[in-house]
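Chemist: Chains as they are written, first to last, in our numbering: chain A, -1 to 314; chain B, 6 to 731.
Hints may contain errors.
[Unchecked claim] Not everything, but these chain A residues come out facing chain B in the computed CB check (under 7 Å):
(1) S3
(2) Y4
(3) M42
(4) D140
(5) E141
(6) G142
(7) D155
(8) V231
(9) A235
(10) S236
(11) Y237
(12) A238
(13) A308
(14) K313
(15) E314
No wet-lab data here; the hints were simulated from the structure.
For every residue, glycine included, the Cβ atom is placed at its ideal position computed from N, Cα and C.
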Amino acid sequence: MKAFSYERIDDAAQAAARAFEVSGSKFIAGGTNLLDLMKHEIEMPAHLIDINGTGLDDIVATDDGGLRIGALVSNTALGADERIKRDYPVLSRALFAGASSQLRNKASTGGNLLQRTRCPYFYDTAMPCNKREPGAGCAALDEGADTRQLGVIGTSDHCIATHPSDMAVALRVLDAEVETVNPEGQTRRLTLDEFYQLPGDTPNVENALEPGEIITGVVLPAPVGGRQQYYKVRDRASYAFALVSVALIETDDGKGRVALGGVAPKPWRRDEADAELGNGAKAVMEKLLDGARPTDENAYKLTLAERTLAALLAKE
Amino acid sequence: MDFNQSADENLFDHARIIGKPHTRVDGALKVTGTAPYAYERHDVADNPLVGYPLGSSIAKGRITRMDATAARNADGVAAVITALDIDELPRAKSNVAKLFGGDMVEHYHQAIAVVVADTLEQARAATSLIEVEYEEIPGEFDLDDAWKRLQDRDVVSHVGDVDAAFDSAEVTLDETYHTASQSHAMMEPHATIADWTDGKNMTLWTSNQMIKWTRKALATTFELDPANIRLESPYIGGGFGGKLWLRADAVLAALGSRETGRPVKVALPRSFIFNNATHRSGTVQRLRIAAGKDGRITAFDHSAISHTLPGGSGEDAVNQTRCFYAGENRRVAHHAIDMNLPESADMRAPGEASGLAVLEIAMDEMAEKLGMDPVEFRILNDTQVNPEEPSKRYSDRHFVECLRKGAEVFNWSERNTTPGGKREGQWLIGQGMAGAYRGAPTMDSGARVRLSEGRLIVETDMTDIGTGSYTIIAQTAAETMGLEMDDVEVRLGNSAFPAASGSGGQMGAASSTAGVYAACVALQGEIAKCLGVESARFESGQVVTDDKRVALRDVAPNEELVGEDTLHFGDFKDELEIGTFAAHFVEVAVHAYTGETRLRRTLSVVDAGRILNPVTARSQVIGGMTMATGAALTESLNIDSRRGYFTNHDLAGYEIAVHADIPEQEVIFLDTQDGASTPLKAKGVGELGICGGAAAVANAMYNATGIRLRDYPMTLDRMLDRLPDA
């Protein structure tokens, strides 16, 4: 771990301004991912701005019938919130499918969105990784690489890592928006699709946040109802990242939405795939995973995604 | 004391304390976090410096340049020692991989430098400032390639005429299987505080299963007289065979201490557990079985390959096939192939865990071919003699009773016998079973017991790696001396104490308690001498002779009486097969869509001689079964076959079973005693649980799905395309 300086700032806009001013700054909330990455010297911030005092830790109703979730609301608190459990059950289920209770107690909503990939080559600083060190190359794309966990779609010739969040997959299917404030104090909202960037030739850039810009919350639109499910498939029953996860909302009008985790650098959803939900899992996946570029080791994810969706759609 | 013939009826057959459930005497220390583990011995080395290792970033090659200038100048750094600063350290017999020194790299994360600093953070930060250049040499990393290249059969043993037996057999099986490389993944990493400040006398507070061996290895490595080396390892946070040997933590801490003149502590970083320390080699195995239509096995032919660094022995997966089941013709061959992966060495039930994982699937397949119940097939092929050497009888083998009892308790006869034929909602339900065998070796063990004021202190260099040694040793001493558990204090894991077996090869419980018994008998002799009598009984805290009763505390007031002895196990054992046996029964659910496998219940019926303490023994069996579940379903060190290292080198990537994976586990101990084993008629049980357990899971998966998997771990991607249509 590299030495770093540390300060607490209790106002989000001021924190943003300060982060813009001090180069090498990072925000810290729960620290469940950042501290690990710092110990491995994957993240080496020169300066940490502790935002735990910013008060962004409540869940409030919005004027249009939705909820605004503060960036510091813990994964535990969010998943257990009665309104979330009743009106957005897919989100509650996704949260409780993630990590362990100790981690969920510390992990924040904003931090969860920003967690880094679990690609084994990203985690080993002796290995080339374009995400860690732009231009270094990608060990995962070399012959003989261990790619069973890695991405099958949305990837590039520079990076095939996945985004590890469960929460973000549910937020994507719920059409949630990320709310931010920048160093000038201006706020904006981004859909999850806009928020997450595909790797292309800059896999080090993972989201649309500008320098200093800080996540203040996540806004859920009014409840859409329907039957909501989250199925996380993993090798062991708990405390493992998804091989594939499926967030599904089936509404009474026979329509619905589906998003995937574990397959792409961002929560994966396509409107044209949603439109096929009435035609079964195969039809959905033909649209949703069109253009997939799996490796020999992770091609099973295509089958698995389809079969997992089929399990959720089956009435047994 | 010499143990030269099987034990007759003795005090342990009428025991008050041995064989009775007793919670761990060190339990309170463990759950309150006050058991002193090596890295936290603030009591012995106040404010030590902290060492942090740098690992090689290549698998094979030569270091051409190292520059540690920046690291040496970094904040808080007291010393940096690089591999180029010293010659390669002499290697002890028990070490295969080089531990430190010299320019040659033979595996990824070989330790090539240590930074010693005031704090862990300073030491860790400075390691990344060391510049290293290598000349890389292409390495061998692919076991399947090596398997395909195998030409000559390196036959370990051949009895009868296997080829003829197969030619004439009515039913045969011939399949190839894979087991994965596995990590011990113990909770506490290898850790040591070393005090070698004067460069002469070395004291290590460490986490090590084998005090005597490791002291010897240190003497070789640092060219010291063993008398100048002291080792303490009273508490060990898991070992599983990974801490049998001297490893880099102790070596680097010692070098750091000599260099800085201060105590230095080093814990291996978690990633080093996977690529710097040892692991269980993966295997490729071909197994052929021949039988008559009546189900009697006529031949076994088992060959296997595993990887090792030059000089090592790999994972011998064929050994148990020589003796577990009947059959006149048998041939086994094991090939340990030199490869440039980290050192493969012993891990819980080395050989048997991988061998039985395969043999017991093959037995299931063979039973199916024969149209027989797999339990009945095993019963039919039981043997009471070593089938390679029929003059050698099993001293005490109740495998058939394990099978029958297990089948009865598990309700085996009610199971669905059509693979894939039982479904509950989206889950396919299956049941499977497997047999388990593990040898029951013993090793000469010594102890010293000291009686003072009616209280007894037991001292032996035996270790407790979470197994319950403290407890069963206290039980043995209390039983023998007629004391209560509270009267006995047990001190372990110290090279100043008499040498015992240590913890390995499931030898520890049987051997060390026998040594403690011998020491207690020696003490009884001292007491008798004090009282001027030939013999005495010891009961209720008293010495009882024909004409008097004396409280133990009054035998020699204000004096300490000491008994010390070593139990020597005699050659008569070589004429016998002494083993432990079990039958595992497992029920699984496999998701019909996704292929996820979840255990629903397990039962293990165990024949392992006298069970010294059913509480700690049960923990060993269910722990072994838990590890077998990991081996069956998730545990695999994934190899990057170009760069030559294990990629999933943390506990997020290397998936051991967690609580949610483990359902109700039932253990039944058969009431058996094996007088040929020790005076206590006990045998080890620490490794038996993992033996065969993975195959029981695999066979249950087959029963659930009708899909026969032969490659571990049996992850869902291996069967997805063969599951029922979604």
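Chemist: Have a go at the D155(A) hint: is there a Cβ in chain B nearer than 7 Å to its own Cβ?
Modeler: violated, 18 Å
Chemist: Using 7 Å as the Cβ threshold, decide whether S236(A) counts as touching chain B.
Modeler: Holds, because the Cβ-Cβ distance from S236(A) to chain B comes to roughly 4 Å (cut-off 7 Å).
Chemist: Please check whether S3(A) passes as an interface residue: C-beta within 7 Å of a C-beta belonging to chain B.
Modeler: For S3(A), the interface hint is violated, since the closest Cβ of chain B sits about 14 Å away, which is over 7 Å.
Chemist: Taking 7 Å as the limit, does the beta-carbon of K313(A) come near enough to a beta-carbon in chain B?
Modeler: Status violated, d = 11 Å.
Chemist: At a threshold of 7 Å, is the proposed contact between A308(A) and chain B supported by beta-carbon distances?
Modeler: Constraint on A308(A) satisfied, holds at 4 Å.
Chemist: Holds or violated: is there a CB of chain B closer than 7 Å to the CB of V231(A)?
Modeler: Holds: closest Cβ of chain B sits about 5 Å from V231(A), inside 7 Å.
Chemist: Can the hint on M42(A) be confirmed by a CB-to-CB distance to chain B that is less than 7 Å?
Modeler: Constraint on M42(A) not satisfied, violated at 9 Å.
Chemist: Under 7 Å is the threshold here; is the Cβ of A235(A) close enough to any Cβ of chain B for the hint to stand?
Modeler: holds, 4 Å
Chemist: Next item in the hint list is G142(A). Is there a CB on chain B closer than 7 Å to its CB?
Modeler: holds, 3 Å
Chemist: Restraint: Y237(A) near chain B, CB-CB cut 7 Å. Satisfied or not?
Modeler: holds, 5 Å
Chemist: Does Y4(A) pass the interface check with chain B, least Cβ-Cβ distance below 7 Å?
Modeler: violated, 13 Å
Chemist: Would you settle whether the hint for D140(A) is holds or violated, based on the nearest Cβ-Cβ distance to chain B being less than 7 Å?
Modeler: holds, 6 Å
Of the hints listed earlier, those the structure fails to meet are numbers 1, 2, 3, 7 and 14, in rising order.
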